[in-house]
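Enquirer: Listed below are the residues making up each chain.
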Amino acid sequence: MSPVIETRNLSKWYGQVLALNDVSVAAGTGITGLLGPNGAGKSTFLWLLTGQLKPSQGEVRVYGESPWRNPALFRHVGFCPETDGFYRDLTGAEFVTVLARLSGLDRKKARDRAAEVLEVVSLTEAAGRRVGTYSKGMRQRLKLAQALVHEPRLLILDEPLAGMDPIGRRDVLALVRRLAEDGTDVILASHVLHEVESVTSRILLINRGRILAEGDVHEIRALIDKHPHHVEIASDRPRVLAGKLLEADDVVSVTVTPDGSGVVVQTTRPDDFYARLPGVLVEGNFDVRSIASPDDNLAAVFRYLVE
Amino acid sequence: MSAKDDKPVTSRAAASTVWPVGALFRLSFVQLLGTRRALLYGVLLLLPPVFSLYVWLGPPSYSETLYLWGIIFVVAYLGFVVPFTALFYGTMLIRPEHEAHTLTYLVTRPVPRWLTVLVKYVSAAVVCVVGVTVSMLVAYVMLGLEFGMAPVVENFRYWFRLAGVSVVALLVYLALFLFVGVRFRRPVIVAVVFIVVWEGLVGLIPGIIRFATVTHYLRSLAIRATQETVMLPRYVTVKTAPLGVACVVLAALWAAMLGLSLGWFARAEFHTNPDRK
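Protein sequences, first through last, are from chains F and U.
The first sequence stops at residue 307 when you use my numbering, and every number in between is there.
The second sequence stops at residue 277 when you use my numbering, and every number in between is there.
Quick caveat, the hints were computed from the structure, so don't treat them as lab data.
Glycine included, C-beta positions come from ideal geometry on N, C-alpha and C.
Where hints are given, some of them may not hold.
Listed below are several chain U residues computed to face chain F (Cβ distance under 7 Å; list not exhaustive) [said to hold, decoys possible]:
| hint | residue |
| --- | --- |
| 1 | R26 |
| 2 | L27 |
| 3 | V30 |
| 4 | G34 |
| 5 | P96 |
| 6 | H98 |
| 7 | A100 |
| 8 | Y105 |
| 9 | V111 |
| 10 | E269 |
| 11 | H271 |
Okay, the calculated beta carbon distance ranges per label pair [to be verified]:
| hint | chain 1 | residue 1 | chain 2 | residue 2 | range |
| --- | --- | --- | --- | --- | --- |
| 12 | F | N9 | U | G42 | 47 to 57 Å |
| 13 | F | D112 | U | V197 | 48 to 58 Å |
| 14 | F | D84 | U | G58 | 44 to 54 Å |
| 15 | F | N9 | U | L47 | 31 to 41 Å |
| 16 | F | R178 | U | V134 | 51 to 61 Å |
| 17 | F | D89 | U | L47 | 23 to 33 Å |
| 18 | F | D84 | U | E269 | 35 to 45 Å |
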């Protein structure tokens with residue numbers, strides 16, 4: 001079985017600027033998150049996936065086929081661009097219908113599907129209004145609707161939540177999860193970590209045109225064990241606790257939090273540290289209120305790799 | 001392969017073109033008729049009829065219907081309305097879509113890129129031909145206000161033939177400016193320079209350099225189409241090209257410009273470095 005997307009030694013130059021550098025990745029079915037800061041090369045990567053750019057070097061495959069000059073492939077691919085471009089004189093319903101027809105749906109089917117997807121993205125009431133009158137959040141949902149209207153097998157979303165309110169974000173993320181459960185493959189590009197983290201643990205981390213890491217969040221975490229792991233312990237007598245923790249060589253540093261409510265430990269061997277910690281706490285009779293590791297959040301992983 | 005099934009996703013021959021063509025026409029007409037350029041286009045088309053009105057309302061004319069019609073056609077239509085109409089619409093078919101970020105929707109659909117450009121060209125040709133022909137008809141008939149309807153009706157065949165020349169001119173200029181529109185970053189400037197400097201000034205220079213202008217062959221076509229009966233301005237009638245040569249040159253130019261436009265667009269990468277947005 002071929003992966004949903006696959007690139008081999010993929011590079012893209014804009015004149016003298018290297019936007020994507022020797023990228024070899026593969027993504028399977030379900031949701032794959034593409035994470036990276038602005039300017040990391042996410043959009044270039046997606047433009048190559050959607051045949052809008054030709055690789056300068058290497059190759060890109062979507063369902064085993066090259067997307068460059070292969071319009072038939074786009075019967076199965078829906079693309080939600082980051083850019084805020086619309087035919088503003090059309091109504092929302094007209095916009096989605098006309099793009100459905102461009103995807104090969106006949107007039108009636110296009111109209112019916114447009115109505116369905118506009119309902120899915122909660123734009124039914126505004127469907128008769130000109131797109132030029134839509135708010136930013138509504139335009140984002142409209143872009144999502146046009147990407148969904150032809151029932152694609154692969155949905156490629158470039159920063160789909162930008163400019164949306166929290167409720168809109170929640171709804172769209174729920175929709176993405178639902179689509180994936182129904183068998184749609186999704187590539188979700190974002191620079192907001194928790195957005196991606198909330199729908200998938202399978203990610204590609206990209207920065208400066210390079211894929212820094214790929215795989216499950218925990219697999220990626222294993223790749224960065226050279227970076228100290230942070231553990232926050234809220235307890236009484238933080239200075240005494242800091243001294244006890246520093247007695248073993250698995251701890252790199254311990255700092256007392258500014259408000260004096262606990263300590264932040266940096267360890268290079270988290271497994272050894274966690275095994276030792278209960279004994280230290282019991283022996284010293286510390287009153288522990290919480291133990292948390294911010295590194296469990298994808299944000300910490302991302303920060304490590306980008307830095 | 002996706003979880004939906006394990007069959008090959010598609011083959012290159014499978015793209016539907018029937019329904020997309022209708023949608024492309026729809027989008028094209030919305031853009032062509034719904035912009036501020038369309039308003040300017042309307043004003044442009046009104047200028048020759050306004051001149052015909054001036055002939056009637058102004059000082060008594062000592063000219064004839066055919067002479068005035070020849071002047072109006074060559075100066076107003078061939079020299080101004082037709083090339084600028086083609087400029088307005090030829091250059092706006094692709095570049096504004098790129099700048100408005102709507103091109104993404106067209107090139108990520110199962111529609112061959114060349115077909116997208118071809119449909120846009122045909123849409124623009126329809127809008128331009130209909131508009132210019134109606135304007136020509138109104139301007140011609142209004143000459144009857146000054147000269148009476150009898151000579152207008154009697155010489156209608158010459159209107160018809162010159163209308164045919166204007167259609168040829170529109171198709172050629174549209175193809176040329178379509179190419180300018182897909183190829184250049186600032187197509188309007190390039191097209192204006194072409195019309196004013198190349199077609200307008202170089203076309204008037206005596207010698208063989210005028211053979212390199214489009215207008216030279218269009219004027220030649222106009223002379224032959226009216227069987228040299230219509231009194232066209234003297235500068236038009238000097239050293240014209242034979243009818244066959246004019247037809248071949250114009251047809252070759254049209255085919256080359258249209259072919260280059262379709263081919264270039266099919267291979268174009270419209271995105272630039274997002275960091276420089």
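Enquirer: Decide, hint by hint, whether the structure agrees.
Expert: Evaluation of the provided hints:
1. Hint on R26 (chain U) holds. Least Cβ distance to chain F is approximately 6 Å, under the 7 Å limit.
2. Taking 7 Å as the C-beta contact cut-off toward chain F, the hint placing L27 (chain U) at the interface holds, the least distance being around 6 Å.
3. Because the beta carbon of V30 (chain U) sits about 6 Å from the nearest beta carbon in chain F, less than 7 Å, this interface hint is met.
4. Annotation: G34 (chain U) was flagged as interfacial toward chain F, and the flag holds, the nearest CB pair being 5 Å apart, inside 7 Å.
5. Given the 7 Å rule on beta carbons, the hint for P96 (chain U) is violated: about 11 Å separates it from the nearest Cβ of chain F.
6. Interface restraint check for H98 (chain U): the shortest CB-CB distance to chain F comes to about 9 Å, outside 7 Å, so the restraint is violated.
7. Against a cut-off of 7 Å between C-beta atoms, the interface hint on A100 (chain U) holds, since the closest Cβ of chain F lies about 5 Å away.
8. With its C-beta approaching chain F no nearer than about 6 Å, Y105 (chain U) sits inside the 7 Å limit, and its interface hint holds.
9. Checking V111 (chain U) against chain F by beta carbon gives a least distance of about 6 Å; that is within 7 Å, so the hint holds.
10. Contact between E269 (chain U) and chain F, as hinted, is supported at the beta carbon level, the nearest pair being about 5 Å apart and thus within 7 Å.
11. Nearest Cβ of chain F to the Cβ of H271 (chain U): about 5 Å, under the 7 Å cut. The hint holds.
12. Checked against the given bound of 47 to 57 Å, the beta carbons of N9 (chain F) and G42 (chain U), roughly 54 Å apart, stay inside it.
13. One distance hint, 48 to 58 Å for the beta-carbon pair D112 (chain F) and V197 (chain U), holds here, with the actual separation near 54 Å.
14. Against the hinted window of 44 to 54 Å, the Cβ-Cβ separation of D84 (chain F) and G58 (chain U) comes to about 52 Å, which satisfies the hint.
15. Range check, N9 (chain F) to L47 (chain U): about 59 Å between beta-carbon atoms, so the 31 to 41 Å window is missed.
16. Under the hint 51 to 61 Å, the C-beta atoms of R178 (chain F) and V134 (chain U), about 53 Å apart, fit the expected range.
17. Checked against the given bound of 23 to 33 Å, the beta carbons of D89 (chain F) and L47 (chain U), roughly 27 Å apart, stay inside it.
18. For D84 (chain F) paired with E269 (chain U), a C-beta distance near 21 Å fails the hint of 35 to 45 Å.
Figure legend: structure checked against the earlier numbered hints; hints not met, in rising order: 5, 6, 15 and 18.
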